[in-house]
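Each chain, letter by letter, is given below.
There are 2 protein chains.
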Amino acid sequence: MPKVHNYSAGPCILPQEVFEEASKAVLNYNNSGLSILEMSHRSKDFVAVMEEARDLVKEILEVPDGYTVLFLQGGASLGFLVSAYNMMGENKKGGYINTGAWAKKAIKEADFMGESVLLASSEDKNNNYIPKGYSIPDDIDYLHYTSNNTIFGTQFKDIPETNIPLVCDMSSDIFSKKIDVSKFDIIYAGAQKNLGPAGTTLYIVKDSVLGNSSVDIPTMLNLKTHADKDSMFNTPPCFAIYTAMLTLRWLKKNGGLDWIEKRNEEKSALLYSEIDNNPLFEGTAAKEDRSSMNVTFVLTDESKAEEFDKMWNEEKINGLKGHRSVGGYRASMYNALPLESVQVLVNVMKKLALQIA
Amino acid sequence: MPKVHNYSAGPCILPQEVFEEASKAVLNYNNSGLSILEMSHRSKDFVAVMEEARDLVKEILEVPDGYTVLFLQGGASLGFLVSAYNMMGENKKGGYINTGAWAKKAIKEADFMGESVLLASSEDKNNNYIPKGYSIPDDIDYLHYTSNNTIFGTQFKDIPETNIPLVCDMSSDIFSKKIDVSKFDIIYAGAQKNLGPAGTTLYIVKDSVLGNSSVDIPTMLNLKTHADKDSMFNTPPCFAIYTAMLTLRWLKKNGGLDWIEKRNEEKSALLYSEIDNNPLFEGTAAKEDRSSMNVTFVLTDESKAEEFDKMWNEEKINGLKGHRSVGGYRASMYNALPLESVQVLVNVMKKLALQIA
Chain E
1 MPKVHNYSAG
11 PCILPQEVFE
21 EASKAVLNYN
31 NSGLSILEMS
41 HRSKDFVAVM
51 EEARDLVKEI
61 LEVPDGYTVL
71 FLQGGASLGF
81 LVSAYNMMGE
91 NKKGGYINTG
101 AWAKKAIKEA
111 DFMGESVLLA
121 SSEDKNNNYI
131 PKGYSIPDDI
141 DYLHYTSNNT
151 IFGTQFKDIP
161 ETNIPLVCDM
171 SSDIFSKKID
181 VSKFDIIYAG
191 AQKNLGPAGT
201 TLYIVKDSVL
211 GNSSVDIPTM
221 LNLKTHADKD
231 SMFNTPPCFA
241 IYTAMLTLRW
251 LKKNGGLDWI
261 EKRNEEKSAL
271 LYSEIDNNPL
281 FEGTAAKEDR
291 SSMNVTFVLT
301 DESKAEEFDK
311 MWNEEKINGL
321 KGHRSVGGYR
331 ASMYNALPLE
341 SVQVLVNVMK
351 KLALQIA
Chain P
1001 MPKVHNYSAG
1011 PCILPQEVFE
1021 EASKAVLNYN
1031 NSGLSILEMS
1041 HRSKDFVAVM
1051 EEARDLVKEI
1061 LEVPDGYTVL
1071 FLQGGASLGF
1081 LVSAYNMMGE
1091 NKKGGYINTG
1101 AWAKKAIKEA
1111 DFMGESVLLA
1121 SSEDKNNNYI
1131 PKGYSIPDDI
1141 DYLHYTSNNT
1151 IFGTQFKDIP
1161 ETNIPLVCDM
1171 SSDIFSKKID
1181 VSKFDIIYAG
1191 AQKNLGPAGT
1201 TLYIVKDSVL
1211 GNSSVDIPTM
1221 LNLKTHADKD
1231 SMFNTPPCFA
1241 IYTAMLTLRW
1251 LKKNGGLDWI
1261 EKRNEEKSAL
1271 LYSEIDNNPL
1281 FEGTAAKEDR
1291 SSMNVTFVLT
1301 DESKAEEFDK
1311 MWNEEKINGL
1321 KGHRSVGGYR
1331 ASMYNALPLE
1341 SVQVLVNVMK
1351 KLALQIA
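Residue numbers (the working numbering), protein chains in the order written: chain E, 1 to 357; chain P, 1001 to 1357.
Since the hints were made in silico from the structure, they are not lab data.
These numbers come from a predicted model, not from an experiment.
Every residue, glycine too, gets a C-beta built ideally from N, C-alpha and C.
It is possible that some hints are incorrect.
Claimed, not checked - Reference listing, derived: stretches of chain P covered by chain E, where coverage requires no fewer than 3 residues with Cβ under 8 angstroms from a Cβ of chain E: (1) 1003 to 1017; (2) 1103 to 1112; (3) 1147 to 1158; (4) 1262 to 1274; (5) 1321 to 1335.
What the hints assert, rightly or not - Now the in silico label distances, taken between C-beta atoms and shown as ranges: (6) E:Lys229 - P:Ile1159: 44 to 54 angstroms; (7) P:Arg1042 - E:Leu354: 13 to 23 angstroms; (8) P:Lys1108 - E:Asn212: 32 to 42 angstroms; (9) E:Asn28 - P:Leu1339: 44 to 54 angstroms; (10) P:Ala1048 - E:Glu315: 45 to 55 angstroms; (11) E:Gly33 - P:Gln1343: 37 to 47 angstroms; (12) E:Ala305 - P:Leu1339: 52 to 62 angstroms; (13) E:Asn28 - P:Ala1101: 52 to 62 angstroms; (14) E:Ala101 - P:Lys1316: 29 to 39 angstroms; (15) E:Asn28 - P:Leu1354: 48 to 58 angstroms; (16) P:Leu1354 - E:Lys3: 37 to 47 angstroms; (17) E:Lys350 - P:Asn1028: 23 to 33 angstroms; (18) E:Lys229 - P:Glu1314: 48 to 58 angstroms.
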């Protein structure tokens, strides 16, 4: 049982064994006498870390041939700009699905060097659902969406069906379940959910994208720059990549995506079931679009907030406060959060209901 | 005496006590029960880290009022682009001094949204000196230079005298000596030399620069975006910033820039004196422009290379190989490298000379 039940929305809980191994490496990496923090990124030892991290991404996600895996910097926030720059084609237009705050930020960046086309939006209902049944024009160069919306607790259950090249910000659900990488031209993801600590950003890019943009791209925003140098065009964020590698080792050892998908389903089923059956609570996202990563809910009677907050704090639950644009609560249940932590939260919710009854 | 004498050009040696403290925090930050890696960047604990890091920069460098200190991502390589975007004024021209590889990369990025004007270059002599006596036109918006050139072992001993706003890439000598911050509009520096591990980039920006560019800037490249949100517009590279904070605490505790400048002068004087007095070695940089951070030198008789390499390897000296564009050797002697490590190298050089004599 962990000391703290960490529901933080990101940076978030990582496996305990990753913390232990990373802690050792900060003192003395593999008995080299050097800290992982002082090793040259060109050293044999660090090049091996980068290669293993990349290979684990390919193996765990079953990345097909013809894709390049990169560990860069800047978070998804820079990814909004990078993906648009690299995907602009002859139309200089990208299609976007607005499912909330992150999607909107991506749209803004596309308008810097091209044009964004809004295909669908869930803003009419405070982004509490995933738009469906929209039409996709032929004259866009790509379709961009945010697979999981941390703030609103919604998640795409299916990949949009289209022949237009797909780009996806998967920051908050990559490595949580199986995905078909072959359907995407660019997948990008800030590491600080299921992949590792804050400080590195994963890109999975179809090779045909590299160097084929219709617009000029500054050096550091061009994915070809980084692909040509195996993520080492400039000094990489070594420790973040190393810790991501350890996290991927943990995922592989335990059974990969089959294992984690089942575990994540169990966790979210347990909490959603309590929300649906406990009269004191109510989910905020449309049922069919509920996220398995971020469970958003509110009290049906706001006057119970003080008591509820006191109870979960006493159980050493951390990070449960909802985002200001939704209110209420958000339970972020990333890969490393154990089922036991979810049970502790559910027990608090049951106890609150019993007190009232 | 350290286990390894780490002359790595960056990422590089940091103080041992920083490694020890950072290692503990990866397991359990301040007895919170949480790893520093899993803490929300919005948590009280991490906000305090960010504030302390910022305040230490201001205190140690004596940053005057009217400047903003930011911890961002992307390294100096993204800084080349960011600084040009933010400094472009009515002329849309930046003046550049080409002192080598990093300066050239900065020039390239200025040409993306404006025009670079080459004021001076040392390319005629493989960048082994710092240009002097060039004229500075009035119709440029800023003057950009690289204060220390890691590859070529040269360093600006004085700040260029001009009324044109100054921009400086100080990646490899910031915090090594006193500087007059008031003379600059933007100072930027990748952390991985004297400031901390790879993964964060320091910006010190005059407030009058913020929001005053003459060109449109993508959100993440606009320093105003980050200044408005205290470096928290998006998730910061928390661990790199935390470790930078620890390194700054170490620097302050030991006496700040007065102390470190004296220590760095002792170290470089010891090694340069050996290079100048030992007939087997020769420095590659012009004497008046020699860097106190990166000492570049060659053997006067290449046939001694095998023996010399064997000898320093046996003494557990690490990272002494020169950059391919200069050849020979490069001793990077950043803040945390102890004088003892320099003495070990000098002893090896003396021993080699004795063997020959």
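Evaluated hints:
1. Check on the region 1003 to 1017 of chain P: 10 of its residues sit with their Cβ under 8 angstroms from a Cβ of chain E, so the three-residue criterion for coverage holds.
2. Figure legend: the region 1103 to 1112 of chain P, annotated as covered by chain E; annotation consistent (4 residues with Cβ-Cβ distances under 8 angstroms, at least 3 required).
3. Counting residues of the region 1147 to 1158 of chain P whose CB lies closer than 8 angstroms to any CB of chain E gives 0, which falls below the minimum of 3, so the coverage claim is violated.
4. Only residues whose C-beta sits within less than 8 angstroms of a C-beta in chain E count toward coverage, and the region 1262 to 1274 of chain P has 0 of them, not enough to reach three; the restraint is violated.
5. Counting residues of the region 1321 to 1335 of chain P whose beta carbon lies closer than 8 angstroms to any beta carbon of chain E gives 0, which falls below the threshold of three, so the coverage claim is violated.
6. Taking 44 to 54 angstroms as the suggested C-beta distance range, the pair Lys229 (chain E) and Ile1159 (chain P) does not conform, at roughly 33 angstroms.
7. At about 33 angstroms, the CB distance of Arg1042 (chain P) to Leu354 (chain E) disagrees with the hint of 13 to 23 angstroms.
8. Between Lys1108 (chain P) and Asn212 (chain E) the CB atoms are about 21 angstroms apart, so this pair departs from the stated range of 32 to 42 angstroms.
9. Taking 44 to 54 angstroms as the suggested C-beta distance range, the pair Asn28 (chain E) and Leu1339 (chain P) does not conform, at roughly 23 angstroms.
10. Between Ala1048 (chain P) and Glu315 (chain E) the CB atoms are about 25 angstroms apart, so this pair departs from the stated range of 45 to 55 angstroms.
11. For Gly33 (chain E) and Gln1343 (chain P), the Cβ-Cβ distance of about 18 angstroms falls outside the hinted range of 37 to 47 angstroms, so the restraint is violated.
12. Between Ala305 (chain E) and Leu1339 (chain P), the C-beta spacing of about 60 angstroms keeps the proposed range 52 to 62 angstroms intact.
13. Judged by the Cβ atoms, the range 52 to 62 angstroms given for Asn28 (chain E) and Ala1101 (chain P) is violated: they are separated by roughly 32 angstroms.
14. The hint said 29 to 39 angstroms for the Cβ distance between Ala101 (chain E) and Lys1316 (chain P), and at roughly 51 angstroms that hint is violated.
15. Remark: the range hint 48 to 58 angstroms for Asn28 (chain E) to Leu1354 (chain P) is contradicted by a beta-carbon distance near 34 angstroms.
16. Checking the proposed 37 to 47 angstroms range against Leu1354 (chain P) and Lys3 (chain E) shows it is violated: the Cβ atoms sit about 59 angstroms from each other.
17. The supplied range of 23 to 33 angstroms is met by Lys350 (chain E) and Asn1028 (chain P), whose beta-carbon atoms lie about 30 angstroms from each other.
18. Under the hint 48 to 58 angstroms, the C-beta atoms of Lys229 (chain E) and Glu1314 (chain P), about 33 angstroms apart, miss the expected range.
Comparing the model with each earlier hint shows violations of hints 3, 4, 5, 6, 7, 8, 9, 10, 11, 13, 14, 15, 16 and 18; every other hint is respected.
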